[in-house]
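Asks: First to last, the protein sequences are chains A and B.
End of the first sequence = 216 in UniProt numbering, gap-free, step of one.
End of the second sequence = 216 in UniProt numbering, gap-free, step of one.
Keep in mind the hints are simulated off the structure, nothing from the lab.
Note that the structure is a prediction, hence the values are computed from the model and not measured.
Accuracy of the hints is not assured; some may be wrong.
[Unchecked claim] Below, in silico cross-link-like pairs of lysine-lysine (DSS-like), each with a Cα-Cα straight-line distance of 30 Å or less:
id: 1; chain 1: A; residue 1: Lys5; chain 2: B; residue 2: Lys156
id: 2; chain 1: B; residue 1: Lys194; chain 2: A; residue 2: Lys42
id: 3; chain 1: B; residue 1: Lys42; chain 2: A; residue 2: Lys42
id: 4; chain 1: B; residue 1: Lys156; chain 2: A; residue 2: Lys156
id: 5; chain 1: A; residue 1: Lys140; chain 2: B; residue 2: Lys42
id: 6; chain 1: B; residue 1: Lys154; chain 2: A; residue 2: Lys156
id: 7; chain 1: A; residue 1: Lys77; chain 2: B; residue 2: Lys77
id: 8; chain 1: B; residue 1: Lys77; chain 2: B; residue 2: Lys207
id: 9; chain 1: A; residue 1: Lys5; chain 2: B; residue 2: Lys5
id: 10; chain 1: B; residue 1: Lys42; chain 2: A; residue 2: Lys191
id: 11; chain 1: B; residue 1: Lys156; chain 2: A; residue 2: Lys143
id: 12; chain 1: B; residue 1: Lys5; chain 2: A; residue 2: Lys42
[What the hints assert, rightly or not] A partial selection of chain B residues facing chain A, derived with a Cβ cut-off under 8 Å:
id: 13; residue: Gln102
id: 14; residue: Val103
id: 15; residue: Arg190
Cβ coordinates follow ideal geometry from the N, Cα and C atoms, glycine included.
Protein chains: 2
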Amino acid sequence: MAVIKVHGHHGSTATVMVLCCLNEKNLEYELVFVDFFAGAHKTPEYLALNPLGLIPTIQDGDLTLFESRAIIKYLAKQYEGQGTDLLGRTVSEQALVEQWSQVEAQSFNSPVFFIIEQVLIAPIVGGSTDEAAVEIRVEKVGKLLDIYEERLSKSKYLAGDFFSLADLQHLPYTNYLINGCGKGDLISSRKHVKAWWEDISSRPAWKKVAEKMTFK
Amino acid sequence: MAVIKVHGHHGSTATVMVLCCLNEKNLEYELVFVDFFAGAHKTPEYLALNPLGLIPTIQDGDLTLFESRAIIKYLAKQYEGQGTDLLGRTVSEQALVEQWSQVEAQSFNSPVFFIIEQVLIAPIVGGSTDEAAVEIRVEKVGKLLDIYEERLSKSKYLAGDFFSLADLQHLPYTNYLINGCGKGDLISSRKHVKAWWEDISSRPAWKKVAEKMTFK
């Protein structure tokens, strides 16, 4: 079996999500470094792989695939018998995995990205942080995490009592939020969210990639 | 078989997406009207179904499910042998459906929502349209549609030569964009995008819900 190629960068949360999934599935991969700080994701060569010019993109045999959340779903399905099952077993379980994956993509992702952009990235690129705007997003994330808290008081993980893609999708941004932006209170002030985070962030598949994540 | 309950509203693009999918799958449903203009999605009864307070939510037997894109995936999978196949047959086909679904959710949805909010909703609620900000989003959507144009010059639909969830997801917002916001040029100026739109928007499953869509 040919090794899966991942075109990406450890500073990209989307790349890191995919690498974590590859580790969960015990899959070998080769990381093809895309220096996006130097614009390598906008070259004709890269755009031929992914016309959106975003990272990561994977190549697995004949298949070229982009969009991190699509990639991890593909890996979980294509290599279903191998490593951790990340999909759920029944159609109903899979539906709940999908539901909470969508909550991450639609409701968690955007305000957290805003916080990361303002707190972490703006100062690096010579800008300043709009504290009031950040505070609005922190409140928004807090309200969403109240819903997670309620949910996680009833099941160990978001979709049920099994670790799934829905949990995995939260790892990169939550790591930035806590360890890059100093917003760990959002997690540690909520008992079940805290226990969930401690559980999912201590998984070997995640720790292996997290230690290589760059915050700058 | 019990009829599937859809808690929603014809003025909600997410509800309309789900109804279109139910029609494609030839599934009977009962629309339970949630009057979100009157705040019916924030009542304790509704929040017990969907703690995020968003519509739609479906109930299919014992399963309660929210997030429109998760719901349509569930329907396509649970009723796989019935009506239109919306998933793709092979794992690779399914991966491409997922990829273009993610492009809709991550790259198409946000700027189009901004345009709809500014052009259509702002005047209704007594605000004014920020034309310059709209123009930025129109350009952004245009650039994305250039990528669709290239893609659709090679395959009839986004994920391949078969209609799928990825195409279906684009129906409600594109309809608003053309028929609610007067931005039809974005579609009609691109040959393959235009042909694609004419094709997918003339499907009976869509026409049945589109005629009930409210623009106000």
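Asks: Take the hints in turn and mark each one as holding or not.
Replies: Going down the list of hints, with the structure as the test:
This hinted pair checks out: Lys5 (chain A) and Lys156 (chain B) have alpha carbons roughly 28 Å apart, not beyond 30 Å. At most 30 Å may separate the alpha-carbon atoms for a hinted pair to count; Lys194 (chain B) and Lys42 (chain A) meet this at roughly 27 Å. For the suggested pair Lys42 (chain B) and Lys42 (chain A), the alpha carbons sit about 44 Å apart, so the restraint of at most 30 Å is broken. A distance of roughly 43 Å separates the Cα atoms of Lys156 (chain B) and Lys156 (chain A); the hinted pair therefore is violated under the 30 Å criterion.
The suggested pairing of Lys140 (chain A) with Lys42 (chain B) holds, with an alpha-carbon distance near 16 Å, which does not exceed 30 Å. Under the criterion of a C-alpha separation no larger than 30 Å, the hint pairing Lys154 (chain B) with Lys156 (chain A) is inconsistent with the structure, at around 45 Å. For the suggested pair Lys77 (chain A) and Lys77 (chain B), the alpha carbons sit about 14 Å apart, so the restraint of at most 30 Å is met. Taking the CA atoms of Lys77 (chain B) and Lys207 (chain B), the gap is near 23 Å; set against the 30 Å cutoff, the hint holds.
The straight-line distance between the Cα atoms of Lys5 (chain A) and Lys5 (chain B) is roughly 44 Å, outside the 30 Å bound, and the hint therefore fails. In summary, the hint linking Lys42 (chain B) to Lys191 (chain A) is supported, as the alpha carbons are separated by about 25 Å, within the 30 Å threshold. As the CA atoms of Lys156 (chain B) and Lys143 (chain A) are separated by approximately 42 Å, the hinted pair breaks the 30 Å bound. For the hint linking Lys5 (chain B) to Lys42 (chain A), the alpha-carbon distance of about 46 Å lies beyond 30 Å, and the restraint is violated.
Given the 8 Å rule on beta carbons, the hint for Gln102 (chain B) holds: about 4 Å separates it from the nearest Cβ of chain A. For Val103 (chain B), the shortest C-beta to C-beta distance to chain A is roughly 6 Å, which falls under 8 Å, so the interface hint holds. For Arg190 (chain B), the shortest C-beta to C-beta distance to chain A is roughly 14 Å, which exceeds 8 Å, and the interface hint is violated.
Of the numbered hints given earlier, the model fails hints 3, 4, 6, 9, 11, 12 and 15; all others are met.
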